[in-house]
Amino acid sequence: MTLRVRLVLALLALLTVGLVIFGVATYTFYGNSQYKRLDDQVRASQPLVSRQLDEAAGRDGGGRRDGGGGSGGGPGGPPVFVPPGTYAELRDGSGAIVSQIATDTSGSRPSLPAKVKANGGERFFTSGQWRVLLSPGAGPGEQDQTIVVAVPMTEATESLHRLLYVEITGGLALLAALSTGSWLILRRGLHPLEEMASTARTITAGDQVDLTRRVSPSGGAGEVGQLGLALNTMLDDIEHAFDEREATEQRLRQFLSDASPELRTPLTSIQGFAELFRVSGADAQVDLPTILRRIEQESGRMKGLVEDLLLLARLDQARPPEKAPVDLAVIAADACSDAVAVAPDRRITLDAPEPVVVEGDEAHLRQAVANLVTNALAHTPAGTPVEVKARKHDGTADVSVRDHGPGLDDDALAHVFDRFWQADRARTGVGAGLGLAIVAAIAAEPGGTAHAHNATDDGTDNGQGAEFTLTLPSSP
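The opening residue of the sequence shown carries number 1457 in this note's numbering; numbering runs sequentially from there.
Accuracy of the hints is not assured; some may be wrong.
In the DSS-like style, the derived pairs of lysine-lysine whose C-alpha atoms are separated by at most 25 angstroms in a straight line are [said to hold, decoys possible]:
(1) Lys1492 x Lys1573
(2) Lys1779 x Lys1848
(3) Lys1779 x Lys1845
Computed spacing ranges between beta-carbons, pair by pair [unchecked claim]:
(4) Arg1462 x Thr1905: 55 to 65 angstroms
(5) Arg1749 x Asp1699: 45 to 55 angstroms
(6) Pro1929 x Ser1736: 55 to 65 angstroms
(7) Ala1629 x Ala1466: 19 to 29 angstroms
It is worth saying that the hints were derived from the structure and are not from the lab. Glycine is no exception: its CB is placed at the ideal position from the N, C-alpha and C atoms.
All chains should be built: construct the whole structure from the sequences, respecting the hints.
This is the structure:
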């Protein structure tokens, strides 16, 4: 059973209970008022009926007299009428009828007991469709006599029947109208929920899950709008999680695709030199120290490559970085000192006139700056000068390393920070192509960037070298 049907049935049930309670209360109240009105009419007409009974008894000696009703009343009082269809009797103490009158010529009579007595006071009771009043005689010596006045309740009964008919037909019509109206209102009100269900089914339909779809309405003060907002928020989170998973899987596939040949090269060399060492044995013509040296070199190369790959993998996990105040000017100075020790033939200059403090991981930042300087040394001709600068700007700080080598072409500028990418056509050198990729990953860790461009002194790109810049948010 649908929610709409349950709500309509619940509404109809509550309305039916309310109508029944209202109808019973109205019917009871109206019925009591009708009977009270009838009793008042009987009581008001009793003196006039009593006189007519006395006249009938004195004239006929207990004979029957038919009358068409009369009126009378006290001086200055309102006229008194005998209700239509009234039947009256005067009975003595033994219950015998002394006189009787009837205003209805059809002969309709109430069914009265053989002996009825007022017992000293007025008493009402109902006999079939008649309302009967018993009262004692008022004249001298008539206290043991009983005056019986009976009035038909046909008018009151018919009035109650009409009320009952109006209540039933009106209640049924009201139930029909309200059920139709509530059905239409609920249909309109629940239509957004049906749209949401349809959208949810569409998202998961077919072989591909379409997480770009959203439900409507979304937002607002209503419950449906709040539900739509919650569903869209959930879909946003799910889509983001799916995108992250897809990106992770893509990075893993790319990592395996790129790392496999880079790892295979030193392993192949090590395997080749090891087989040469095994086959040569005691052959004096084989330079065994050179073979061992090459095995050691390739092992070191593979070790460095694996360490770089592990560092990139840790950086890809997007864990919160360890933040501490770090002076980029000091790091740049240390990198220049290390470069001078490695390449004493180079002219390496440092321009860092003031402290450049940022929040970050000192070990990672040292490696990033060292990679930039090492990249400049490895991919420029011997003797080429290198310039290192550390500057603090409005809200940012950067370290730039500029060489005076051949520069980078457009393709190199677009891919220089990609993993395992090398611009061998423009710049000569060695390496696995991970140094600048590590720089970009370390820069992104605290929310910074790494970029490269060709530096010019004379407005051209010819022979003026390349400049690599690491930009980070500065400390307040």
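Against the structure, the hints come out as follows:
no.	hint	in the structure
1	Lys1492 x Lys1573	22 angstroms, holds
2	Lys1779 x Lys1848	18 angstroms, holds
3	Lys1779 x Lys1845	23 angstroms, holds
4	Arg1462 x Thr1905: 55 to 65 angstroms	58 angstroms, holds
5	Arg1749 x Asp1699: 45 to 55 angstroms	48 angstroms, holds
6	Pro1929 x Ser1736: 55 to 65 angstroms	58 angstroms, holds
7	Ala1629 x Ala1466: 19 to 29 angstroms	20 angstroms, holds
The structure is consistent with each of the numbered hints, conforming to all of them.
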